[in-house]
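Participant: For the record, the sequence lines run as chains X, F and E.
Counting in my numbering, the first sequence runs from 38 upward without gaps.
Counting in my numbering, the second sequence runs from 44 upward without gaps.
Counting in my numbering, the third sequence runs from 13 upward without gaps.
Possibly wrong hints are sitting among the right ones.
Taking lysine to aspartate or glutamate and the EDC-like style, the derived pairs with C-alpha atoms no more than 16 angstroms apart in a straight line are [what the hints assert, rightly or not]:
1. F:276 - E:234
2. F:68 - X:100
3. X:104 - F:394
4. F:269 - F:174
5. X:167 - X:63
6. X:167 - X:294
7. F:269 - X:100
8. F:68 - X:183
9. F:269 - X:99
10. F:68 - X:95
11. X:104 - F:492
In short, the hints are calculated from the structure, not lab data.
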Amino acid sequence: MTVAVALWLVLAIVAAVAFATGFALDASAQIEGGSLGLACLSIACALIVWSRHLMPHETVVDEQHPKRSTARDRGDAIDELENGLGQVARRPWLVRLGIAAASVLGIAALFPIRTFGPNPQGRLGVSDWKSGSQLVREDGTPLRADMVEFGSVATAFPQGYIGADRVAAMANDAVVVLRVTPQALQLPPERRNWAPGGYLAYSKICTHLGCPLGLYRQGPQELMCPCHQSVFNVLDGGSVVFGPAARALPQLPLTIDADGNLRAGGGMSDFVGPDNWNYGA
Amino acid sequence: MIRWLVNALDDRLGSSTFLRHALRKAFPDHWSFMLGELAAYCFIFIVATGTYLAFFFHPSDVPVIYHGPIRSLDGRSMTEGYASVLQLSYGPAIGLVIRQAHHWCADVFVAAVVVHMGRIFFTGAFRRPRELNWVIGLTMLLLVMLDGFTGYSLPGDNLSGGGLRIANSIALSIPLIGSWLAYLLFGGTFPTHDVTSRLFPIHVLFLPVAIGALLGLHVAILWHQKHTQFPGKGKTERNVVGSPLFPHYALKSLALMLSTFGVLLLMGGLIEINPVWEYGPYDPWTLASPAQPDWYIGWLEGALRVAPRWALRFPGHTIGAPFWPAVFMPAVLFGLLYLWPVIEQFFTRDDAEHELLQFPWQNPARMAFGVGILTYMALLLGAGSDDVQARIWQIDVQEIAWGYRIAIVTLPFIAALFAWLICRELQRRHAEDKPNRVLLIRSQDGGFEEERVSTP
Amino acid sequence: MMTVLAAAILAASNALGAALYAAHCSSCHGADLKGTGNGPSLQHAGAAAVDFMLRTGRMPLEVPDTEPLPAPAQLTSSQIEAIVAFTVAHGAGGGPPIPSVRPSDALARGRVVFDGNCQACHGALGTGAVAGYGWLAPPLYGDDATQIAEAIRFGPGIMPHFDSRLISDDDLDALVAYVGTFRHPPDIGGYSVEASGPVGEGLLAWIIGVGTGSIVMVLVGETLRSSPLSSRAKSPPLSSRAQSPPLSSRAKSRDSDQA
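Use the sequences and the hints to build the structure in full.
Facilitator: Here you go:
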């Protein structure tokens, strides 16, 4: 058994040296991690063998006591605390004033937390889409109606709100643009003219928890979210067909301008993104 | 040499009195008692590897243009944080090894804590006087899970970025304070330029310090109260039987420590984890399918997937549907777990100090509750990857989701019932093992007869 | 002379195409290519669609009305060419033609297009994912450049399609080049756990991490069997209620009187 321990330790030395060599020669992660790990594991194996076979087994017995202190210690501790507090409590008004001061200071000390972020009022769920906003692709080029055929899908943003410094805007403004046959549409009456020629645009931000809805199922005409599998029907205004989302997908009315570019015919039909406490106000 | 050291310390600290007893302190030897150490060694490893990584990570969301060995990302705009992770991963190989070992360690760390907590629970080690350590331990579990989440969200890749959006939206769903909470945490409308720079101090400073402090307290209390032990020959409520700390137990513990480090380093070098260069930088308007969080958040993911659409809408306000599975349910669950020592004491009317453990089957009610909870969590975890399962088994994902929904409301109870029945049966069998009392009946003509009477 | 020869070859090819179509396709797609109860019309489907379905082995479909899945091609290349020619000549023209792709060097551009249009269904590394209701967005590393281009241009099944106005021919060349890299992912970190992401990683963390830890613990520690257990010892009564000589919180221990 001593031999076994010795062999493990020798292996550890070899592995550690292998690591050092590998490191110097810029070896791969597999070699470096493998050798270093093997070195540790070899020492561990040596210790395991030592513990099981070489170390003489020994048992010790400690006494276990009830955890409580002696009644006298306990009594003394309580007495000390009560005496001390009693001395202070002889001036109750000062104590009350002291508590008031500490409380107010404590509350005041929390005020800087307010600087951590802006007031959510008026920022949640809003998008930059307005009547006439031109739909552009991620690289800024206009999305023309003839780019989106039946069965195609494209992502678009409002012109002027893209770029590396506009990520928060893009994160909420993103829309999915599709084209379906106009006869298949089942939009609510007030949205009859939101889909000229069957071109549809919906918010790409899932109303469940804000994940982008990239999965377009072109036959059944549905959008599916990869996060929790919410499925939305694109023909009837974005109603939820399956999954945990509790609100229909906001729709963006579309128009096609004289040059064939797609433009928004108004703002989003609803609050963009997930529900929050103030939705419904 | 040793003599000199001991003398030097003792001159200044009077340490020999403590040392003399400490070195001979009894540590019960059952293998399951080392689970806590497995977790603790994971903590040491993760802090060590994390320290290394902290020197190379740039915690910033400032956009940069990438130029480096990954051709498919050349010229792509990405955050500085993401670029720094790419640089570390594609630089000297040891950087990637440490990064991967760090991430593997996080996954293993939470698993070790859960198994350790299970051992404590099922053997009743949390009973008086150890309720405080139960509370501390449960808190550490939550902090470690949070540390893991903030950690894998640091690189700013597309997968973890999606997870941050979900976290932001969950915060938004909280009634009254949700919007403010989300805006103050993230610094504005998601995503802001401050996300990574805020996650960083949380991940490397606040949480590790809190966990470390609690861990120190946890071990100190354990040391002071002494370890529990299973009932057995020579073991009573008034003693602790085991190996002496030095050198026996220390050797075993050292073996576990080195094997933990070794396995984590091997995994860090040989098995790829979180290849962020494949996910690409975070773009909030595109996400790859399938999308899962790390396993210890997977139960939350599953709950979100199968939960019903219970959005409460009333004039002016909404409690979003995700509130129930993501905030309310975990609060109730962990509330129950925190209060369990109190709950159990209430029902068993047993407020005695216990230094001897119970075998799990000796407490059927506790076993049933624990098995039920574990079944529930395992089902939620499974539901979190229902789309991956759908792909592997070629079943409709909607059907799998429904299967999990039904299973979640039925199987935990069935499993609990089975556990309870099995425990009762085991109890009955062990009661029969006890020596029967024997009645000696003397007959009229002087003979003796035996009659065995089983103890009640 | 050449025209006569060409015409003859064409006639032979047409005959071959017709025969193959009749044998493998007409039962579902109709002798007139206008579809039947079992299969859709091929009118205006485009050469790309026919070529893709045949070359990826999705067609001929054994069981009608199921999702066509990738398989080894069932027909030879020249047979496929003949069927394509036949269908195009008989109504399938007018749809996307077979694109000619030259995978380019612009991997970064290809990735941008992929990330924006494809990864939502096919996964970050083209490993495939479910598309709901039993449909699968298949893995992408089995097909060659032309087939991938065909799928993009005509959109098989429930997949949307992208013509040259949405994804230009240059972008298509770049996209196809990038998808081609999926066959040999860099995997600098080691074994990729079948690219299963956090799901496979979590599984391995449990099996390897907790598993080896448990093995070590059992090796160095004791099990209940190795430390003899006797029910006669000073062990507590085995009931579910209060145990052992309890150190009750109310009992006065002898120590308390000695201060």
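Participant: All hints are to be evaluated individually against the structure, with a verdict given for each.
Facilitator: These are the hints, each one checked on the structure:
1. F:276 - E:234: holds (14 angstroms)
2. F:68 - X:100: holds (10 angstroms)
3. X:104 - F:394: It holds: about 13 angstroms lies between the C-alpha atoms, which stays within 16 angstroms.
4. F:269 - F:174: holds (14 angstroms)
5. X:167 - X:63: violated (57 angstroms)
6. X:167 - X:294: holds (15 angstroms)
7. F:269 - X:100: holds (9 angstroms)
8. F:68 - X:183: violated (81 angstroms)
9. F:269 - X:99: Holds, at about 9 angstroms.
10. F:68 - X:95: holds (12 angstroms)
11. X:104 - F:492: violated (49 angstroms)
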